[in-house]
Amino acid sequence: MSAVVAEGVWKFYGDFPALRDISLRVEPGACLALLGRNGAGKTTLLRILAGLSNASRGRVRVFDGESRDQDTRRRVGVLGHGIAVYEEFSAYENLRLFAGLYGLADPRKTALQWLERTGLERVKDGLVREFSRGMRQRLAVARAFLHDPSVLLLDEPFTALDDRAIAVLQELLAQARSREHTIILSTHQLREALALATHVALINRGRLAYTGERTQQMLDDTGWLYRNYGEG
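Position 33 of the sequence shown, counted from 1, bears residue number 45 in my numbering, the numbering being contiguous throughout.
Note that these hints are calculated values from the structure, not bench results.
Heads up, a few of these hints could be off.
[What the hints assert, rightly or not] Simulated DEER-style distance windows between Cβ atoms:
#1 ARG145 <-> GLY224: 32 to 38 Å
#2 SER68 <-> GLY115: 27 to 33 Å
#3 ARG71 <-> TYR25: 16 to 22 Å
#4 ARG120 <-> GLY26: 44 to 50 Å
#5 THR227 <-> ASP137: 48 to 54 Å
#6 GLY112 <-> ARG239: 44 to 50 Å
#7 GLN125 <-> GLU225: 31 to 37 Å
#8 ASP232 <-> ARG145: 30 to 36 Å
#9 GLN187 <-> MET13: 19 to 25 Å
Just so you know, even glycine gets a beta-carbon here, dropped at the ideal spot from N, CA and C.
Hey, can you work out the whole structure from these sequences and the hints?
Okay, here's the thing in structure tokens:
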């Protein structure tokens, strides 16, 4: 059974097709680097895979379940542009809430563990609206990983992270890889993404221009993919 499948996915905003007939399959344990220029459709696709947006046409499956099903969402961790935490809650209240929503056995213990792991234990009772962007991002990292998801969907995850958060995220991704969890990662940091990836997909103006295994040639020449399959 594939971890993530998209079949003939289209997304329209009015008459504009942001995604055009996207079909791809990501196997368990794979790390897919989702590449493309600004506006290519990467974030739109990730939101559909995460069940945060509906496809206009086509179908998405996560471990053979509908992406918007509650059971499926418990298996998915999402880290994206919008930091999905509650501004008027404390850091601790946020993580305890999400741990409860995911049905974890001890939400309080889980929240405290992840606050410590992301270096937020000293400000656990501080309101998120008073946090710096880097602190919010660390909290968002904790929220995305605390339920031990089998599938990770990451949209520009290193944006605005402070050094500690980058180190934490890199460690978490390495652990996810070692446990054969599935990762789909969208980023403009080509060298870092390609070093982590087992597979690559390039979106060009809403269409899937390339998909396949990550090769040594891509690592040696990070511009090769765009020169051969990207926009002119």
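Now the hints, each set against the structure:
1. ARG145 <-> GLY224: 32 to 38 Å: 36 Å, holds
2. SER68 <-> GLY115: 27 to 33 Å: Holds - the Cβ-Cβ distance for SER68 and GLY115, about 32 Å, lies within 27 to 33 Å.
3. ARG71 <-> TYR25: 16 to 22 Å: Holds, since ARG71 and TYR25 (Cβ atoms, about 20 Å apart) stay within the stated range.
4. ARG120 <-> GLY26: 44 to 50 Å: 46 Å, holds
5. THR227 <-> ASP137: 48 to 54 Å: 49 Å, holds
6. GLY112 <-> ARG239: 44 to 50 Å: Given a distance of about 49 Å, which is inside 44 to 50 Å, the answer is holds.
7. GLN125 <-> GLU225: 31 to 37 Å: This hint holds: roughly 36 Å between Cβ atoms.
8. ASP232 <-> ARG145: 30 to 36 Å: Since ASP232 and ARG145 have Cβ atoms about 35 Å apart, the given range 30 to 36 Å holds.
9. GLN187 <-> MET13: 19 to 25 Å: 23 Å, holds
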